[in-house]
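Using the sequences and the accompanying hints, generate a full structural model.
Chains as they are written, first to last, in our numbering: chain X, 1 to 208; chain C, 209 to 392.
Worth flagging that the hints you see were computed from the coordinates, not collected in a lab.
Warning: the hint list may mix true and false statements.
[Said to hold, decoys possible] Keeping only pairs whose Cα atoms sit at most 20 Å apart, straight-line, the calculated SDA-like set for lysine to any residue is:
1) X:K104 <-> X:M52
2) C:K316 <-> C:G242
3) C:K326 <-> C:R299
4) C:K384 <-> C:R279
5) C:K316 <-> C:S234
6) X:K138 <-> C:K308
7) X:K138 <-> C:R299
8) C:K316 <-> C:K338
9) X:K138 <-> C:F244
10) C:K268 <-> X:R150
11) C:K243 <-> X:R132
12) X:K138 <-> C:D295
13) C:K272 <-> X:S155
14) C:K340 <-> C:G283
15) C:K243 <-> X:V136
16) C:K326 <-> C:R310
17) C:K308 <-> C:Q356
18) X:K138 <-> C:R310
19) C:K243 <-> X:E131
20) C:K272 <-> X:L179
21) X:K61 <-> X:A94
22) X:K104 <-> X:R62
23) X:K138 <-> C:K243
24) C:K243 <-> X:M52
25) C:K268 <-> C:N257
26) C:K268 <-> X:S155
27) X:K138 <-> X:S156
28) X:K138 <-> C:Y245
29) X:K138 <-> C:N257
30) C:K268 <-> X:A94
31) C:K243 <-> X:S119
32) C:K326 <-> C:A353
33) C:K272 <-> X:S156
34) C:K272 <-> X:E183
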Amino acid sequence: MNAPQASNPPRKIGRGYIAAAVILLMMGLGFTAVAGYLRLGSESTVLRRSVMNNVAGHWDKRFAVHVGWFTMGLVRWGSQWFSVPPEARAALEACHGVEVGVYKLQPEAGAVDSAAIFSTADAAMSRRGWERAVCVIKPNQMVGIYVPRRGLSRSSLACSVVVLNDRDLVVGTARGNPLPLLEIAAKKSGLGNGHADGLVSGLLAGMR
Amino acid sequence: MKSIKLYSLGAALLAAVLPLNLHAESPAGQVDFGKFYPPGAGGEFIEVNVTSSLISLAMKFVEKEEPDVARLLGGLQQVRVNVIGLDEANRADMEKRVEKIRKELDSKGWERIVTAQKTDQDVGIYLKSKDKDTVQGVVVMVIEANHQAVFVNVVGDIKPEQLALLGEKLHIDPLKKLGHMNEK
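Structure, rendered in structure tokens:
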């Protein structure tokens with residue numbers, strides 16, 4: 001009779017390795033999350049590049065912050081335990097994600113060609129499914145507002161903005177549900193709930 | 209064999225759909241003003257293009273409280289506004305362009321509702337009507353000689369009695385006045 005052959009026991013991975021891998025993973029996720037707060041999303045980046053690529057000169061980054069839906073959700077959830085003014089609560093309810101970048105153009109920079117900036121931005125945003133709703137160009141000032149071509153609804157709005165005021169550039173994108181803010185605005189102005197015909201007229205206000 | 213049939217079906221569908229897309233025409237009330245460029249001397253330049261998705265969104269916001277406005281917005285497809293500051297370099301070009309658009313509108317059956325020419329201001333309002341009860345498009349062109357040129361095109365199904373409301377909500381003064389004249 002042959003004695004049964006002893007099989008090799010599977011190699012066990014030490015608990016220490018698993019713990020180290022988990023810690024490394026958590027650190028990696030933490031760094032990514034922190035880096036994410038300081039990095040603009042794609043639409044704002046497109047607008048920023050459209051300006052910077054068309055204006056010769058050096059740009060200094062003042063700050064850039066990106067607060068996404070997860071963080072805003074946490075803040076909304078956390079705020080329910082505190083007494084928060086209704087306006088601030090409405091703003092928290094309305095905002096599902098926001099990112100803003102502020103940059104300064106150094107004095108030795110070249111001339112600003114607003115038409116070229118908008119031409120570049122329009123093409124790049126159009127490829128992403130966004131279209132320009134408003135463009136205002138005045139001496140030393142430029143404002144552009146972009147909205148998605150599809151997917152806009154009463155409770156889900158998104159818009160990207162680029163503002164160049166003299167040498168200060170601001171780009172930003174916001175996503176959210178504007179209804180809580182509109183309700184607050186309606187109450188404050190003494191109008192009925194939902195009185196918000198200002199969307200179109202507001203967009204056209206620059207005409208006046 | 210099955211795949212050949214599927215490819216044939218796909219090709220047939222494409223052949224059926226493509227010509228439809230190629231022949232998709234812009235709405236009757238839409239006018240192509242052409243591309244505008246900011247004045248060279250750093251003058252004012254405003255371009256607003258409110259498309260159907262934004263208009264239907266605006267309609268949803270007001271439908272409970274302001275049904276009249278919601279009905280008006282419900283008929284609209286596009287609102288385009290261009291304001292171009294005038295200077296020596298672009299004034300002649302803008303006047304030529306207004307003249308060209310006027311001729312084009314006349315030839316395409318647009319009705320000239322208002323023409324007001326003063327020394328420093330030239331206002332023209334045109335309507336494209338489907339029948340006596342429906343306006344398919346409105347064009348407003350204003351040239352203020354020393355200041356700016358304004359081009360407005362509102363596209364959609366608009367009742368004549370809604371013109372004043374349209375002018376009021378979009379802050380188009382000539383249209384507001386025209387609408388009130390119609391009401392009287």
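Of the hints stated earlier, which fail here? 6, 18, 21, 24, 27
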